[in-house]
Amino acid sequence: MSGAEQDEGGGQERVSAFMGRSKYPRRRLIDAIRFLPLLGLGLWFLPLLWNARADETPMSHAILYVFGVWLMLVVAAGFLAVLVARLNSDTDDPVQENGLTKRL
Amino acid sequence: MATLNVLVAVCLAYVAFLFGVAFMAERAALRGRVRWLRSPVVYTLSLSIYCTAWTFYGAVGYAARSGLEYLTIYIGPTLIMVGWWWVLRKMVRVGRAQRVTSVADLISSRYGKSTILAILVTTMAVVGTTPYIALQLQSVTLSFAAFADTTELGGAGNSRWTALWLAVGLALFTILFGTRNLDANERHHGVVMAIAVEAVVKLFALLAVGLFVVWGMSGGAGAMLERIDASDIGTWQMQGGRWAGLIFLSAAAFLTLPRMFQVLVVENDNEDHLRLASWAFPTYLMLMSLFVVPIAVAGLTHLPQDANPDLFVLTVPLSQGQTGLAMLSFLGGFSSATSMVIVAAIALSTMVSNHIVMPIWLRVAHGGASMPGDVRTLVLMSRRVAIAVVVLLGYIYYRFSGGGAALAAIGLVAFAGVAQFLPVMLGGLFWRGATRAGAISGLVTGFSVWTWSMFLPSFGSGEILPSHVLDAGPWGLSWLRPHALFGIDGLDPLVHTILWSISLNTLVFVLVSLGSFPSPLERLQGAQFVDVFLHSARPQSWSGGAAQSEDLLVMAQRILGPAEAQALFRRAAAKQGLAGYLPEPEPDFLNELERELSGSVGAATAHAMVGQIVGGASVSVNDLMAVADETAQIMEYSTQLESKSKELTRTARQLREANEKLTALSVQKDAFLSQISHELRTPMTSIRAFSEILRDSDDLKPAEKARYASIIHNEAVRLTRLLDDLLNLSVLESGQINMNMEHGTLRDVLDHAVAAAGGAGILPIRRDPENEEVGLWTDLDRLAQVFINLIANAQKYCDSPQPELRILVKPGLGGGIDVDVVDNGSGIPHDRQEMVFEKFARVSDHDAGGAGLGLAICREIMMRLGGQITYLPGQGGAAFRVSLPAEALATSA
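Here the protein sequences line up with chains A and B, keeping their order.
Positions 77 to 180 (my numbering) are the ones given, in order, by the first sequence.
Positions 10 to 902 (my numbering) are the ones given, in order, by the second sequence.
What the hints contain is simulated information worked out from the structure, not anything from laboratory work.
All values derive from a computational prediction rather than experimental measurement.
For glycine and all other residues, C-beta sits at the position ideal for the given N, C-alpha and C.
Honestly, I wouldn't trust all of these hints.
One-sided excerpt, in silico: chain B residues whose CB lies under 7 Å from chain A [unchecked claim]: (1) 32; (2) 237; (3) 249; (4) 284.
Partial chain A-side listing against chain B, Cβ under 7 Å, derived [claimed, not checked]: (5) 100; (6) 101; (7) 110; (8) 112; (9) 118; (10) 124; (11) 125; (12) 134; (13) 135; (14) 136; (15) 142; (16) 144; (17) 161.
All chains should be modelled from the sequences, with the hints used to inform the complete structure.
What follows is the structure in C-alpha cells.
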C-alpha cells in the first residue's frame, strides 16, 4: 500500500512548487481518508472481544453498536469527501485541480 | 389465483416499466444527454447491484439463522468504499486509462495482455457466478411459491417452470439492452439507468417492510429492540473466524465480482463519482441491512416454526394480510434478482466474447482481422449466446443443487470463488514484480482449492462428490478431505476454504512471481498499472510502416461501426496533417486505435487484431530493444554519412586541387609550346643565320669561319641536349627503361654528382660524410643524375650573396634514407611549389638556360627507383628531399 502513497507523494512533489499553502491540509485530509477504513475495521472487530465477557451481550446492544459505528463512518466519509471536493474547487490554481482529479 | 395473476401482471408491468426506463435512457444517451445519465447519484445507485435477492431475502434468513453475521457481507464493501483512496481510486484510474472492459481484461492486461490468463479468469468467473445466478432464480421462484402457497396453487413442478420462464425473460431483457450496440467504452446507459431505478425500488421495498414491522407490528423502535433481545437470536454470539473471514470475503468479492467490476470500473464515467459513492453507498448498505434483524425477529415470532426464514420479507406482510406491502416486497426482491442477473450476464458475456470467442475466432479465421465481414455481428452474436448460456448455466445449477440450500450458503460459494482473483488483482495494482506465471499459478491453485473444498461439496453430499470422498478423502487420502485439508479438522467449512484457498493462492502467486521473469510487455504494463498516477500514457507502441491503413480502417469499421471508425480515422489523418481518411500508421495512431478497439473487444483481442494487420509488429521490450539496435544502426549510419561527407569534402578539395593543377598544367602546356618553340627556335635561328653566312660569304677569314662553325656546333649541341632531355623524360614516363642495378655507396654517388655538376667551385657544398657511408643497391647512374640536377639547379637559381648548398643524410620512413639537398637562397614561392616537378616548369622568369625539364626527370627517376623526391618547405631556402626506400639499401657495398 505504500506504493500508492509514494505514487501520490511523487505526484504531489512534482507539482508542489505551484501548490502553495493548500498542499499541507490536503495531504492530511487524504491521510484521514486512508485512515478511516482502518478505524472502521478496528471498531467492527471490537465486538469479538465481547465473546469473552461473562454475561451475554444482548443483541440490541450489538445492533446499536454496529450501526452506530456504521453511521459514524458514513458521516465521517461524507464529511471528508465534501472537504476533498471543496479543496479541489476552492482553489483557483488549475494545477491543484489537476493534482487530484484531472491528472489523467 | 387472483393474487397470482395480479402478481404476474405486476411483474410484467414492472418489467415493461424497466424496459421503458432503459429505452428512454438509451434515447437520451443518443441525443447526447449523458450528463444527467452519468451523475454520481446514478453511479452510486448502480453499485447497489451488490445487494441482490440474496440481500433482499437471504439476509433476513441469514439473520434468523446466525444473528448479526449477515452484516459481514455489507461491512466488507463499506470498508472498501470508505477507504476508496486505497484501492478503488487506483482501480478506476487504471480501468479508465487502459480501457478495461472486465475483470478478466484487467488481469490479462496487467500481465502482458495474456490471452491464457483472460480465458482462465473468464472461465473462473463463469463458474463462480453460476451459483449466484442460480441463487437469484431460486429466490424469485421461492417468492412466487410463497404467493402460490397462500393461494393454494403450484408446487414443485410449477416452480421449475417459474425459474425457467424467469431465466428466459431475464436473458431476453439482457440481450435487448446489454447487446444493443458495441459501445466504445462498453457502457450501457439503459441498463445502468434501469438498475439505478431498481436500486431505489428494492431499498424502498425493504424499508417499507422494515418500517411496517417496527412501527406497524412491534410498536416502535424501543419495543422492537426489546423483542429482539427476547427472541431466539437475542444475544451476541459470534465466531471470530467467521466474522473476520466473511468481512474479508465480502470486501474481496466486492472488488472482484464481475458484475461489481462492471458497475464500479467499466461503467464509471468520472473518477469524482467515487467521492459521493464513498459515503452514499455505505449509507445505502446500512439502510438495506438496518431492518433485517427486526424482520427476522418478527418472522421468528409470528410465523410457524417450519416457515422458510429466507422468505420472511414476503411472508411476514402476507401473514399480516398486507398484500399490497407483500407485493411491493415481492417487486423489491424481483428487482434485486433481475438487476443482478442482467449485469452479471452482461459482464460475463463481455468476458466470454472478448476473451474466449474472439481469440478463438482470430486463430481459426485465417487472415483474421482483415477478412471481409462484420466482426460486430460476430461479437454481438457471441455475447447474446453467452448471455443465454450464462443464464442457462445458472438455471442448471439451480436444478442440480436441488433448490434447497440456504440462499446465504450459495451466495458465499460464489463469493469465495471470485475472491480468488483478489491476490492477483491487488498484486497487479501494487506490486510491479508480479508476473504472468505467478498469476496463473496462483489463480489455478486458489481455484482448485475452492472447487474441491467448497464448490463441488455445495451440490450436496453424493451429488457430484460421493459421500465417502467427503468423509474420508479421495482414495482414502484423509489429508485431502474437502472439509479438512491437510488434516486440519474442525474448522468452519467456509473459514476453512477461505483460509486455504486465499493463502495458498497468495503464496503460490508470490513465490512463482519471485521465481519467474516477466516478459517485456508484462513489465511495461506492470509499470503502467502500479504507477498509474505518475504516467497515464500507454507505453507499448506499434512500430508502424508495415501496417496498411486501409486494412485497419476495414477492421475498425467492422468493430466500431463505419461512421465512428471513419470519424476516428479522419481525425487521426487531420492530426497528421493529411486530407482524407487514411492516416499514416504511426505508433501514436495505432495506439489510439487499439485503445478504441479495446473498449469494444478487450485489450488482448484489440492488441491481437491490430497486431495481425500491422504484421505482428506489436512492440514488446524485445522489439524496443530491436528498435534501440535500429537506433544504434541509424546512429552508426549517420556517423558513416558524416565520415562520408567528410570524405566527400576531402575529395572535393582534392578535386579542386586537381582542377587547379590541371588548369595550371594547361597554362603550362601553352607555356611549354611557346617555350619549346622558343627553345628550339633560338639555336635554330642562330644555326641558320651562321650557316647562311658561311654559305654566302666567300671572303670570310678562317678564324671567323671557325668561330661561326663552333657557334653552330654549340647550338647544335644545345639542341641535341634539349632533345635528349625530352627523349629521356618521355622514356622515363613511358616506363620503357631498363634499370642498371649496381652496388655502391651514397658517398660515391654524391661525389660523382658533385664532380659532374662542376665541382664545389661554383657553389660551396657542405656534406655529411659520416652518414653518407650507406650501401646502395640501385641504378647508381640515374640516382647520380638526380643529384646532378639538384646541384645544378642550386648553382643556377640560388640567389644568395654567399650561396651555399648542404647535403644532409637522415634515416627516413620505413627504414629508407632521406637525402636533403638544401641551398640558402630565397627558395621557391609557395604557389610554385606544386609545379616545380612538372615539365617545363620554371620558378623564375630569368633566363638561366634551363628548359625546365630537370626536376621532372628527377621525379620520374625517383619513381622508377621506388623512392620519391619532394620539395621540403620551410628550410630557409630551396630544399629537396630525395627519399630512398629500404629496398634500395644494401648493408655491404
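Status of each hint after checking the structure:
1. 32: This interface hint is violated because 32 Å lies over the 7 Å limit.
2. 237: holds (5 Å)
3. 249: holds (5 Å)
4. 284: holds (4 Å)
5. 100: This hint is violated: residue 100(A) lies away from chain B, its Cβ roughly 17 Å from the closest one there, beyond 7 Å.
6. 101: Residue 101(A) check fails; min Cβ-Cβ to chain B is 16 Å, beyond 7 Å.
7. 110: holds (5 Å)
8. 112: holds (5 Å)
9. 118: violated (11 Å)
10. 124: holds (5 Å)
11. 125: Cβ of residue 125(A) sits 9 Å from chain B, so the hint is violated.
12. 134: Interface hint status for residue 134(A): holds (4 Å vs cutoff 7 Å).
13. 135: holds (5 Å)
14. 136: holds (4 Å)
15. 142: holds (6 Å)
16. 144: violated (11 Å)
17. 161: holds (6 Å)
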